[in-house]
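Undergrad: Residues per chain, in single letters:
Protein chains: 2
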Amino acid sequence: MKIGFIGLGNLGTPIALNLLESGHQLFVYNRTTAKTAPLTAKGAVATNSIEALAKECHIVFSIVSDDNAVRSICTGEQGLLAHLAPGSIHVNISTILPATAAEMAALHEQHGLNYLAAPVFGRPEIVTARKANFVISGKESARKQIEPLLKDAGGAGVWDFGDMITAANTVKLCGNFLIGAASEAIGESTTLAQNSGVDTQKMWSMFTQTLFNAPIYHIYSAIIANAKYEPAAFTMPLGLKDIKLVLQQADQVNQNMPLAQLLQQHMETLISQGKGHLDWSAVSLATH
Amino acid sequence: MKIGFIGLGNLGTPIALNLLESGHQLFVYNRTTAKTAPLTAKGAVATNSIEALAKECHIVFSIVSDDNAVRSICTGEQGLLAHLAPGSIHVNISTILPATAAEMAALHEQHGLNYLAAPVFGRPEIVTARKANFVISGKESARKQIEPLLKDAGGAGVWDFGDMITAANTVKLCGNFLIGAASEAIGESTTLAQNSGVDTQKMWSMFTQTLFNAPIYHIYSAIIANAKYEPAAFTMPLGLKDIKLVLQQADQVNQNMPLAQLLQQHMETLISQGKGHLDWSAVSLATH
Numbered sequence: 001m002k003i004g005f006i007g008l009g010n011l012g013t014p015i016a017l018n019l020l021e022s023g024h025q026l027f028v029y030n031r032t033t034a035k036t037a038p039l040t041a042k043g044a045v046a047t048n049s050i051e052a053l054a055k056e057c058h059i060v061f062s063i064v065s066d067d068n069a070v071r072s073i074c075t076g077e078q079g080l081l082a083h084l085a086p087g088s089i090h091v092n093i094s095t096i097l098p099a100t101a102a103e104m105a106a107l108h109e110q111h112g113l114n115y116l117a118a119p120v121f122g123r124p125e126i127v128t129a130r131k132a133n134f135v136i137s138g139k140e141s142a143r144k145q146i147e148p149l150l151k152d153a154g155g156a157g158v159w160d161f162g163d164m165i166t167a168a169n170t171v172k173l174c175g176n177f178l179i180g181a182a183s184e185a186i187g188e189s190t191t192l193a194q195n196s197g198v199d200t201q202k203m204w205s206m207f208t209q210t211l212f213n214a215p216i217y218h219i220y221s222a223i224i225a226n227a228k229y230e231p232a233a234f235t236m237p238l239g240l241k242d243i244k245l246v247l248q249q250a251d252q253v254n255q256n257m258p259l260a261q262l263l264q265q266h267m268e269t270l271i272s273q274g275k276g277h278l279d280w281s282a283v284s285l286a287t288h
Numbered sequence: 001m002k003i004g005f006i007g008l009g010n011l012g013t014p015i016a017l018n019l020l021e022s023g024h025q026l027f028v029y030n031r032t033t034a035k036t037a038p039l040t041a042k043g044a045v046a047t048n049s050i051e052a053l054a055k056e057c058h059i060v061f062s063i064v065s066d067d068n069a070v071r072s073i074c075t076g077e078q079g080l081l082a083h084l085a086p087g088s089i090h091v092n093i094s095t096i097l098p099a100t101a102a103e104m105a106a107l108h109e110q111h112g113l114n115y116l117a118a119p120v121f122g123r124p125e126i127v128t129a130r131k132a133n134f135v136i137s138g139k140e141s142a143r144k145q146i147e148p149l150l151k152d153a154g155g156a157g158v159w160d161f162g163d164m165i166t167a168a169n170t171v172k173l174c175g176n177f178l179i180g181a182a183s184e185a186i187g188e189s190t191t192l193a194q195n196s197g198v199d200t201q202k203m204w205s206m207f208t209q210t211l212f213n214a215p216i217y218h219i220y221s222a223i224i225a226n227a228k229y230e231p232a233a234f235t236m237p238l239g240l241k242d243i244k245l246v247l248q249q250a251d252q253v254n255q256n257m258p259l260a261q262l263l264q265q266h267m268e269t270l271i272s273q274g275k276g277h278l279d280w281s282a283v284s285l286a287t288h
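These protein sequence lines are chains A and B, in that order.
Here the first sequence stands for residues 1 to 288, where the numbers follow our numbering.
Here the second sequence stands for residues 1 to 288, where the numbers follow our numbering.
With the rest of the complex left out, here is chain A (with noise of 0.2 Å):
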């Protein structure tokens, strides 16, 4: 099937191998276009606009950086809806706001277009792994018929959260801030034990095995009892970008999250100390 890919960050690029892997025939964009290389490499066409990539598919999935970089794709004289055919369908992997995809899923509907809101859970040695976990909302058809190729893309799980286009996103936005205030908890914890001359590598021997026995345990343990956070695969930027999504949420809610305004406050402070290349997970570094 052809199926148009755009962005090719850090997750996008191994959700677009997996896809080209999986015998798809894949026409690419990317605003830095030297990141085409490696689907090139594999087989891949890569094209130099977008215009050009809606003429030639008629799904396409997207994974950019922001709600901002979604809208930009979307709409003007060179966005996916003036190009696309009517009936096309676009598969919005990107981490957004719910009232975003809202406004995405109306546009689309005005020309004729399905919107299909697709987040994705999974660091890109997940997606690689083809472990990675979708989470889908949006029209009957359009989730039946794109739910075969999430797994093509990696996914082991495609997760049906129905009609309401906003479901899916709101759903990622809370695993996102359930994987912050993790990294915070085993953070501030394991600090607690180290300074107090316990091993720390036994205790999550323990707990990972126990009452903690889930993946994300596994993988932040492993990188906070180690201190590993570098190379980061989600660097603290990106990580308040979406705990920011998540607090703009619970706004429009009318929720207090004060977690998520501590998760807010300590990747800020990182940052402005000059350590927002660290992987998010060093969130309770803040704190020393």
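Rather than coming from a laboratory, the hints here were simulated on the basis of the structure.
Keep in mind that the hints are not guaranteed to be accurate.
If several chains are the same, the list does not tell them apart, and a pair holds so long as it fits within one copy or across any two.
[As the list claims (entries may be wrong)] Quick list of in silico lysine-lysine cross-link-like pairs, DSS-like style, CA-CA up to 27 Å:
1) LYS144 / LYS202
2) LYS202 / LYS139
3) LYS35 / LYS151
4) LYS35 / LYS275
5) LYS228 / LYS131
6) LYS275 / LYS2
7) LYS2 / LYS55
8) LYS35 / LYS55
9) LYS241 / LYS131
10) LYS131 / LYS42
11) LYS244 / LYS42
12) LYS202 / LYS151
13) LYS241 / LYS202
Let chain A serve as the given structure and place chain B on it in line with the hints.
TA: Frame of chain A, contents of chain B only:
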């Protein structure tokens, strides 16, 4: 084997029942005598003083409410130190400050006795199902001798943290802090999902099959997503007591723990609002 058991509360009772069912002869003592009934019904001998219990047994387990209760059962004319035969082992399951464990170990040594720190992870139903986890530290001879008894007491795991007497209680405090932090995060995110119109049962079904597939998230997301805070397995004042111990330990090692402070504030708020009878996993309700 003749074993003494002091403290028949929510957790003490199922632990003592497990020891009985494993074939040990049990001498029990509880300040409130009525609580010995479920044990004597199954063959345990109730004693009306710690002195009487200490004269029967060379191994005594205790699980009492706080550091002062531990001091009280150990010291004074009626305490274990005055009445246990030299060479006896006192296994203290109570959650206390690591410094109190060190203080107790030194006092026991002065009396020719052995003190083993053996705090436990497990709510009552987990203990009954023999899926608890004990964390131990103290002298090697005591660790080796007591380990099989802790398995008989319901320990699916007995995790050995070596000679340093303070280690086990430090790990226990880290674990309870991690559980409290997870409860706050689960609570804030579940409320965000609810307020945003997302099916939270479906959300937690996904998270507990993927990123957060761990006992703590299974147990607490079920409580929180269903707002089933009563009857409490562990009430707010008990949770607050433990979080205060966490902060005392942090203070002793000159460390800030902002997330632990947040949990303390929330628990104090809820108790002041008359919600102290709720399960401590209701912690995030303080933000409403």
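Undergrad: All the hints need checking, so say for each whether the structure fits it.
TA: Hints, one by one, checked against the model:
no., hint, in the structure
1, LYS144 / LYS202, "between (45 Å within a copy, 18 Å between copies)"
2, LYS202 / LYS139, "between (48 Å within a copy, 18 Å between copies)"
3, LYS35 / LYS151, "within (23 Å within a copy, 56 Å between copies)"
4, LYS35 / LYS275, "within (26 Å within a copy, 56 Å between copies)"
5, LYS228 / LYS131, "within (22 Å within a copy, 33 Å between copies)"
6, LYS275 / LYS2, "neither (42 Å within a copy, 58 Å between copies)"
7, LYS2 / LYS55, "within (11 Å within a copy, 82 Å between copies)"
8, LYS35 / LYS55, "within (21 Å within a copy, 77 Å between copies)"
9, LYS241 / LYS131, "within (24 Å within a copy, 40 Å between copies)"
10, LYS131 / LYS42, "within (21 Å within a copy, 50 Å between copies)"
11, LYS244 / LYS42, "neither (37 Å within a copy, 57 Å between copies)"
12, LYS202 / LYS151, "between (36 Å within a copy, 20 Å between copies)"
13, LYS241 / LYS202, "between (34 Å within a copy, 26 Å between copies)"
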